[in-house]
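The whole structure should be built from the sequences, with the hints applied where relevant.
If you read the protein sequences in the order shown, they are chains A and B.
Those letters in the first sequence? Residues 3 to 347, per the numbering used here, in order.
Those letters in the second sequence? Residues 3 to 347, per the numbering used here, in order.
Watch out, some of these pointers could steer you wrong.
As the list makes no split between identical chains, a pair holds if one copy fits it or if it spans any two.
Capping the alpha-carbon separation at 25 Å, the derived lysine-lysine pairs in BS3-like fashion look like this [unchecked claim]:
#1 LYS160 - LYS33
#2 LYS297 - LYS104
#3 LYS160 - LYS297
#4 LYS274 - LYS255
#5 LYS10 - LYS341
No lab work stands behind these hints: they were computed from the structure.
As the structure is a computational prediction, the values presented were derived from the model and not from experiment.
There are 2 protein chains.
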Amino acid sequence: MKNDRFLKACRREEVDCTPVWLMRQAGRYMKEYMEIRNKHSFLTMCKTPELAAEVTLQPVNKLGVDAAILFADILLPLEGMGIDLEFAKNEGPVIHNPVRTKADVDKIRVIEAEEATPYVMEAVRLCRKELEGRVPLIGFSGAPFTLASYMIEGSGSKTYINCKQMMWQAPEVWHALLNKIDEVIVRYLKAQIKAGAQAVQVFDSWVGTLSPRDYEEFVLPHSKYVMDNLKGEGVPVIHFANNSSTLLELVKKAGGDVIGLDWRINIDEAWKRLGYDVAVQGNLDPIALFAPPEKIGEMVKEILDRVGNRPGHIFNLGHGIQKETSVEHVIALVEAVHKYGKRNL
Amino acid sequence: MKNDRFLKACRREEVDCTPVWLMRQAGRYMKEYMEIRNKHSFLTMCKTPELAAEVTLQPVNKLGVDAAILFADILLPLEGMGIDLEFAKNEGPVIHNPVRTKADVDKIRVIEAEEATPYVMEAVRLCRKELEGRVPLIGFSGAPFTLASYMIEGSGSKTYINCKQMMWQAPEVWHALLNKIDEVIVRYLKAQIKAGAQAVQVFDSWVGTLSPRDYEEFVLPHSKYVMDNLKGEGVPVIHFANNSSTLLELVKKAGGDVIGLDWRINIDEAWKRLGYDVAVQGNLDPIALFAPPEKIGEMVKEILDRVGNRPGHIFNLGHGIQKETSVEHVIALVEAVHKYGKRNL
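Right under this line is the structure:
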């Protein structure tokens, strides 16, 4: 590995410079990505390893980030489970057979990842080959709650009414569904690691809709199952729960070598609450990329100053890059991290 | 006042029973409201004191809540400022002349509330008359950030890109706009109090999009100006900032006799962080109303148990009632608060 800052930081080891990568760094804000996207559907891109690998490498070449993250969608493993998934134009994912009852849960299949999503593993292998050890490759999966929320609601949601109704009215159905999802996630991430992923991130994008008591009862045991089952795999696991600053202690209890932070909390305060036996990742507001480059630099410096010299910080946004973002501003961000994040070893 | 539990709790005095009212208690989930709404536009309802008073009283009659809140919209004061506002069908508010530049801000007018929104003050007077002292009447306004966000974005937003760009690129324009908004809010709330509002709530519905450092620099001074200028008015001020559990200490610093809490934090933990020299309001997940009534009762009891015997808690949801909510479940909630919230005086 020519650049191992990212992996070292995950292990809380000293680094020459704070590593940086960005959630959704392979995406629509980039001209090179859109050239491919204009020729292929989103799902075709995900399912064609050559295309997935190509867009995975684009930000590494263009931005100089310290890690690549596999181009894929968190919902891909759902198809093998029997979910009828469509990416409707401008509407995001739509599930035509949402899971609402015990009978629906009974029908859900738990199959092997190589069988359900062979193209993902092939993309991982291809990315590793094409990266030639320049930077590490991160694999990823949705977390149990976030995958369940799509399966139950049938799409994105503002209210999660169906999800919460299942938790409160039929907790045994909820847990039965989550047990199946947990197992699929573990198999999916183990397969990615086996194929060559050098770290994995678990995205709990929508769990911020829950109260702490509901997180503790209905989510924590499932996220913990996933984390516990990845412990022996020898790669760092990043656990990112968006909009969950009040859940941080519970997220840590669920597990992960690195805890992802959104921008709603100061990083020093968050790390203190978590304890220094985990690494942290974050936490710039993704909208900061719409500020002038000098201002971006100031905001980067402020986060790095809050972290100080403590090893174990991976710079990232607090959520994914917006599609209207300017690539030049993203490059300015990466340069600012590498400038202000230099350490005297 | 026949029922003064709510006002006593705002002042942290002992009460016979925990008071309860619900954000958006006058609204579309109620048959009686829809009967009027089907005959009139939303804006007509807001601007016709007889209709506004009628829907304000509906939840008092139907639910047995301990306070009425004026039926109005937070955007009403914007029209007098020169904002071209429309409530588009199913799309929420649309502003046809969003504020983006210094020239736009210069054009914004700061006028007297009785001149800009006489119908609001008339509705307050009418509500007081029709309530006949049964329960207190709460007036309200949007907070500086939330009103500014609509004026700048031109509608609701997921990203607040234009708002944040103004803060970061042209802070003097941002503060000039907010100074005008602050003054309008103070005049608007003072006029409501003069007309008869017995408490007022300031809603910062969207401020949860900000990092603590941005809140502190760009919002806190403005919210504080509003709170400071209401101190001499002799009525309790409730300050509710949604999705802002990490900002609680700053929200308290801005001011308010009662701090509103969403459902993302345990109420005992939040109150401890705030300090016991303020009252608190909240904090049930509004989606809890979709649970079976027995489960609603359990969730109510859990919040009341966390509060214990400390005076100064007003029961409420952590955000507004959803339009799909069952009225019977709302009644079950109010009954549960009155059952489990009884105090031995």
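Hint-by-hint comparison with the structure:
In this homomeric assembly, LYS160 and LYS33 come within 25 Å of each other (Cα to Cα) only across copies, at 24 Å, whereas the closest approach inside a single copy is 31 Å. In this homomeric assembly, LYS297 and LYS104 come within 25 Å of each other (Cα to Cα) only across copies, at 20 Å, whereas the closest approach inside a single copy is 52 Å. Taking the shortest alpha-carbon separations for LYS160 and LYS297, only the inter-copy value of 22 Å comes in at or below 25 Å, while the best intra-copy value is 32 Å. For the identical chains of this complex, LYS274 and LYS255 are neighbours both inside a copy (15 Å) and across copies (22 Å), given an alpha-carbon limit of 25 Å.
Taking the shortest Cα distances, LYS10 and LYS341 sit within 25 Å of each other inside one copy (18 Å), while across copies they are farther apart (56 Å).
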